[in-house]
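Visitor: In our numbering, the protein residues as written are 1 to 286.
Errors might be hidden in some of the hints.
[As the list claims (entries may be wrong)] The calculated label-pair distances, taken between Cβ atoms and stated as ranges, are:
| # | residue 1 | residue 2 | range |
| --- | --- | --- | --- |
| 1 | 205 | 20 | 35 to 41 Å |
| 2 | 270 | 23 | 14 to 20 Å |
| 3 | 50 | 275 | 37 to 43 Å |
| 4 | 147 | 65 | 21 to 27 Å |
Treat the hints as calculated values from the structure; they're not laboratory data.
In this text, a Cβ means the ideal position worked out from N, Cα and C, and glycines have one as well.
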Amino acid sequence: MILITGAAGNLGSAIINSLLKKVPANQLAAFVRSEQKAEQLKKLGLNIRIGDYNDIASLDNAMKGIEKVLLISGLSMERLKEHTNVVDAAKRAGVKQIVYTGVTMKDAAVSPLKVLMESHFQTENYIKASGIPYTFLRNTLYAEVIPFYIGDQALNTGIHYPAGAGRVPYVYRPDLADATAVVLTNKGHENKTYQLTGDQLYSFTDVAGMLSEVSGKHIAYTDVDPVAFEKHMKEIGVPEIGIMISTGFAAAIKQGDFEVVTADLEKLLGRKPTPVKQYLKAHYVG
């Protein structure tokens, strides 16, 4: 039995879809926060475990009969504590393997995103110290986050973002889901770390170029001043947390924090990753 945490989220849902192509639904358990979030998963035939990362009793109940745990990293600023709760529960239950979704980047300790990203690597260290066999899936940034940075009206407004010439090897979320399903359903991945990236680095100038190609319009990228960008976001009513995340990622991308390319994803998939241009065309042009 495989337990998927964060099963109702975007990545969790995609991974479940990939897993269902490989194993029967009754071999999968979904850990979700409420019955409401479980409705669709229940229809698919999955075992449902209700609870959250801070509810120790619910975690202990969720681990019953579980051989492998997919720990999809949480979004809370307290996620290190939440993750350690999951690892401790897995250890008490005698779980045989933990697969953890972290992040691929050069050095979180010196990144503008340190406060957000360092806990990924602290979680990995805690899992290693637990003695449970592990697999670390360090995911780079999703192609699906590009619209968050540049807006859905980029074909009309152009791209205005303070990321300089920084580049990212974006990946399509369903590709990550397929690779995760491979790791969860096959042997030989224990105590290994995979850096799951696309096969090419893209700057926002490159993104603008791809959007120009798929739309037939000239889309320009402007590397705006970070202070002016933050001021504009406040003026249009973006919440403080949204501003912090957007400006933090811009600074980290500009610094080159995500400029890491490996063949790990391609090897797990047995094929080339989905081209970023294909995603952009589907999102912006249809």
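Visitor: Each hint needs a verdict: does it hold in this structure or not?
Guide: Against the structure, the hints:
{"no.": "1", "hint": "205 / 20: 35 to 41 Å", "in the structure": "39 Å, holds"}
{"no.": "2", "hint": "270 / 23: 14 to 20 Å", "in the structure": "18 Å, holds"}
{"no.": "3", "hint": "50 / 275: 37 to 43 Å", "in the structure": "39 Å, holds"}
{"no.": "4", "hint": "147 / 65: 21 to 27 Å", "in the structure": "40 Å, violated"}
Of the numbered hints listed earlier, the single one contradicted by the structure is hint 4.
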